[in-house]
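Trainee: For reference, the chains in residue letters:
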Amino acid sequence: MSDIQRLKEEALGKIEALSDLKAVEDFRIAYLSKKGIVASLMEKMRELPKEEKASFGKDVNILKQALTECLEEKKAILEKEEERRKLESEKIDITLDAYTPKLGTLHPLTLVQEAIEDCFIGLGYKIAEGPEVELDYYNFERANIPEGHPARDMQDSLYIDEKTLLRTHTTAIQMRVLEKEAHDLPIKLICPGKVYRRDNDDATHSHQFMQAEGLVVAEGITLGDLKGTLQFMIDSLFGEGHTIRFRPSYFPFTEPSVEVDMSCHVCHGKGCPVCKGTGWIEILGSGMVHPNVLKMAGIDPTRYTGFAFGIGLERVAMLKYGIDDIRDLYSNDVRFLEAFKRLD
Amino acid sequence: MRLSLKWLSSFIDLDGLSTEEIIDKTVKAGFEVADREYLAKASGLVAGKVIECHDHPDSDHLHVTKVDIGDEVLDIVCGAPNCRTGIKVIVAKVGAILPEVTIKASTIRGVASNGMLCSLLELGVKKELLDDDSPSLSGIEELDDSFEIGETDILSKLGLDDEILEIELTANRSDCLSVFAMAKEMAAILDRECTLPEYEGASDIGKRSDFHLESKTANCPHFLAKVVGSVTIKESPAWMKEHLIASGVKSINNVIDISNYVMLETGQPMHFYDLRTNPQRELVVVDDYEGPYTALDGVTYDIKKGDIMITDDGRPSGIAGIMGGENTKILDDTTAIIIESALFDGPTVRRTANRLGLQTEAAMRFAKGLDPLAQKKAVDRAVQLLIEYADAKEIEETVEWGKEDYEPYEVVETVEHLNMVDGTDLSEDDIVNVLRRLDFRPYVDKKGIHAIIPSYRSADIKIAEDIDEEVIRLIGYDDLKATLPKMPMTIGKLTRRQSLRREIRDVLANSGLHEVVSYTLGDAAMVEDELLPIGEAICLSSPLNDARKYIRVGLFNSLCDTLAYNLAHSNRDVSLFEISTLYAKEGVMKEHLAVILNGDLQSSKVLHTSTKADFYVIKGLALELLSHLGYDIGRVRVEVNDLDTVHLHPYRSCVLKLGKETLAILGAIHPSYLKSKKIEDAYYLELDLDLLVESSPSKIQAKKISKYPEVSRDLSFVFKDDIAIADIMRTMKKAGGPLVKHIEVFDIYRGDQVKKGHRSISFNIIYSADDRTLKVEDIMPVHEKIMQVLSANYGADLRS
Chain P
1 MSDIQRLKEE ALGKIEALSD LKAVEDFRIA YLSKKGIVAS LMEKMRELPK
51 EEKASFGKDV NILKQALTEC LEEKKAILEK EEERRKLESE KIDITLDAYT
101 PKLGTLHPLT LVQEAIEDCF IGLGYKIAEG PEVELDYYNF ERANIPEGHP
151 ARDMQDSLYI DEKTLLRTHT TAIQMRVLEK EAHDLPIKLI CPGKVYRRDN
201 DDATHSHQFM QAEGLVVAEG ITLGDLKGTL QFMIDSLFGE GHTIRFRPSY
251 FPFTEPSVEV DMSCHVCHGK GCPVCKGTGW IEILGSGMVH PNVLKMAGID
301 PTRYTGFAFG IGLERVAMLK YGIDDIRDLY SNDVRFLEAF KRLD
Chain D
345 MRLSLKWLSS FIDLDGLSTE EIIDKTVKAG FEVADREYLA KASGLVAGKV
395 IECHDHPDSD HLHVTKVDIG DEVLDIVCGA PNCRTGIKVI VAKVGAILPE
445 VTIKASTIRG VASNGMLCSL LELGVKKELL DDDSPSLSGI EELDDSFEIG
495 ETDILSKLGL DDEILEIELT ANRSDCLSVF AMAKEMAAIL DRECTLPEYE
545 GASDIGKRSD FHLESKTANC PHFLAKVVGS VTIKESPAWM KEHLIASGVK
595 SINNVIDISN YVMLETGQPM HFYDLRTNPQ RELVVVDDYE GPYTALDGVT
645 YDIKKGDIMI TDDGRPSGIA GIMGGENTKI LDDTTAIIIE SALFDGPTVR
695 RTANRLGLQT EAAMRFAKGL DPLAQKKAVD RAVQLLIEYA DAKEIEETVE
745 WGKEDYEPYE VVETVEHLNM VDGTDLSEDD IVNVLRRLDF RPYVDKKGIH
795 AIIPSYRSAD IKIAEDIDEE VIRLIGYDDL KATLPKMPMT IGKLTRRQSL
845 RREIRDVLAN SGLHEVVSYT LGDAAMVEDE LLPIGEAICL SSPLNDARKY
895 IRVGLFNSLC DTLAYNLAHS NRDVSLFEIS TLYAKEGVMK EHLAVILNGD
945 LQSSKVLHTS TKADFYVIKG LALELLSHLG YDIGRVRVEV NDLDTVHLHP
995 YRSCVLKLGK ETLAILGAIH PSYLKSKKIE DAYYLELDLD LLVESSPSKI
1045 QAKKISKYPE VSRDLSFVFK DDIAIADIMR TMKKAGGPLV KHIEVFDIYR
1095 GDQVKKGHRS ISFNIIYSAD DRTLKVEDIM PVHEKIMQVL SANYGADLRS
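Those protein sequence lines, which keep their order, are chains P and D. In terms of the numbering used here, the first sequence opens at residue 1 and continues consecutively. In terms of the numbering used here, the second sequence opens at residue 345 and continues consecutively.
Possibly wrong hints are sitting among the right ones.
[Said to hold, decoys possible] DSS-like, lysine-lysine: derived pairs with alpha carbons at most 30 Å apart:
#, chain 1, residue 1, chain 2, residue 2
1, P, LYS270, D, LYS385
2, P, LYS270, D, LYS649
3, D, LYS560, D, LYS649
4, D, LYS837, P, LYS341
5, P, LYS80, P, LYS53
6, P, LYS194, D, LYS1021
These are computed hints drawn from the structure, not numbers from a lab.
So that you can see chain P by itself, here it is in the shape it has in the complex:
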């Protein structure tokens, strides 16, 4: 075995035994730097006879290459190892909840209002609004609720003066739009808003609450169209697969008038405490716009017909989210509101 061969064996053995990156660097300096052992072999080459120079030089180069490659390999392994140790030293307790970004919430009544609006925007409806301080002319007279009707009594409505009150229903918005757009038919709109009644607050009554009403006036609108439209709304509010039923009812501003029930969203019609065992839940009132209402707005009821419906936003929120006291919606306790952080 030549000296070079021996040196190689010995050096490779040393590389094998290197245990950290510092030792790798020390080895590199000892063997492969400008003043290292391999460089000194090159120096030695000058002293050799001419004919030996070529093969000696070749052997030294092979040696240098072998040591370099081997050292790099070792270095890579040790670096990997070093990294692994470093990462291990950075281990944290992933079960700790150290930071929760705070997300706020939209009020449940806003969620319901937007859900209703979005459902009807998809059907090409506009969203109309109107004043809460309203003339009794729009609130009652135009809605076919004449003088002397109990609803106009001071006992039931919050009056400001003889002619002005806090609107008792969003029907007042419909009446304003009907008047304004009588010559710009058809009308397709949803009118959401706050309304007020002279009720004492308890678990099921609130002197302030919210409604969303819908109104369509065009040629050839039928009760069947109302049923189809409401079916669409209930499905989009409560999920597909609900059935609805009409029951005859009475509202001064519609004729015929119907009360609408939906199959219970909890038991799907089997009967449960939510639907009081009936399988049905009373959800809204509606009907065909009363010809007197159209006439007062200057619309020819022999040519045009329309439907209207009104739904209580609190009622929908209470049913959808399992709220049993309407006052919870107005307490604005953040512990209550937090529940509405998530996607509906």
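Chain D: place on chain P using the hints.
Mentor: Below, chain D without anything else, positioned relative to chain P:
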């Protein structure tokens, strides 16, 4: 209304119909059935006779009895004081099921008892429906001799085998407060024949009368009076008592019962006066009486002008339409009566009844409206019954004031129009058949289908659409096809105001704030102590109470109260917002956004980080929100708050201006206000949404990003305290020119190193050009110019 099925079956053959079917059909036709109850309900009853009755050896009130029930003699212990040998009793045998209890064989204080002797109350009969002298009120019921020992059909023989439906009437169907009209309706619903008693014209008899009748008020347009010179007061026939009891009316005597019974039948409230109390022989209706008056319930009421009163000889004799008077009422020894059947104005009667707190059956009926022909119908029926059941004689002719306001009329509807409204495909026969069931006596001609509307339906059925409703509600909605309107396409979208609102809500909710919806109405203090009220607060004329009397003119108090409520309930770090329209006198109406911040917006204790609410946080939130909405910092100016330093901290608040208008006010809430609300620390923003809606936002403009590197330089100067940073930065930007891309304050220092009344401000300036890499010689002159200007303009010293 309470509908007795037994009474109903006297008009309609209900054979083959279960109560469930009747209820289902009634509900589908538009009448909610709120309740279903039995007048009495018990099984295992038998009539027995007490053949022995001894005192219980071990009790001072129990009796030990032997009761013969025909096929056996039972040992029964009974506690009723009226229990005695010889009486016939109702026996609930072992196994009998009563509303409250199931009877078991037992031992009572050592004595065996195999059954129970019953009071009617124990069978479920309501106390208020029993006669005052009924033995059931204090003991057990005593059966009369018509009962055979061993007889089991006791409830039916007592007329208590009735089932009552509590039917809710919609406002247009008050006609059904009349049992006759309800029977007609049920006949239509069930599609069966209806036979009502014949009584028309029964009162068209009597000798000439000099009775004086007069109404001095338009609120009594029609009045019928009739003197019956001789009646016999006695007990009512059993069937009448049964029907009264089933309807929830107590039986008193035949004459009073007839007035109540006729009211139930025809819907027309009646009143009978004792003729003895009216020597003047007159009834005069007035509405200008004032003073106390004692009604027949013994209570004295305060009558005011506007209340309709019946008078005779100048003194009151009854509160019209509500209750008769103590001084004119029928007594046990009454022998002659005056019948009153009149029409009083509903709203007036309702107002009086509400004010007096006297909600009688009569008042309710006037308030809801009557069959226009009811006054005459009621007199006819009452005279018929008085003759038959009260030996009425010496009858005088009916005296009439005014006239009934009714002309018979028809409503015409076509098959096409009906199907168009209802969305149905009904034939002429279908429609005619329904109208026939309703007794609208339909006939068809070229114009269409004619319906002759009975007087009692005249308030409700006036136009073709009313017919459409009648037809579809009796045919049923179950088969109605669901369709969608066929009409031109329209584009549904939100208005700018609606989009703005949604955007604001989303930004704020995503920033960790909770949206609240609070009450519009508040008390006087709330509107008097408001931050920048939009105007003078509107006061309700009919408030529920003082706490809900005014319409709010700002959102400050609402939001502070909501925050205080939350803090009082141990909630921490509560940040809220509300969007609401505000109203004030003279038609002022404004929509505002309000924000309140408290505690940490974001925080982590373990990581030792937090974003704590303060002036800069709420200002930054406001500006970033506005910039998001298209109103960037360049358009919105921050100015000193000189509008309200009572509710906001005078040195930690500002106003935001858009053009000349004040867009928002914001800042730390004043410590003394916070103290009054028991809030430690809070920051408030109120913004005029209308102003945003009215002014147009900037368009989005994309920016060209420079390819060349930026150069960053820091600069610290010492300024006097009162020099505003925004001013300094504006000056720096102007001096620096286009190469200055961005300036940011990164430190403010006050302390030993800096003169008193001064602060050191450190800026980071970013230089860059769009077309080249900046060299030192490009930047130096600009940077030095900035430093010169700062020294020159503010006397600021460079801090080394």
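Trainee: Against this structure, judge whether each hint is valid.
Mentor: The hints, checked one at a time:
no. : hint                   : result
1   : LYS270/P <-> LYS385/D  : 29 Å, holds
2   : LYS270/P <-> LYS649/D  : 57 Å, violated
3   : LYS560/D <-> LYS649/D  : 13 Å, holds
4   : LYS837/D <-> LYS341/P  : 26 Å, holds
5   : LYS80/P <-> LYS53/P    : 40 Å, violated
6   : LYS194/P <-> LYS1021/D : 27 Å, holds
When held up to the earlier numbered hints, the structure conflicts with 2 and 5 and fits the remainder.
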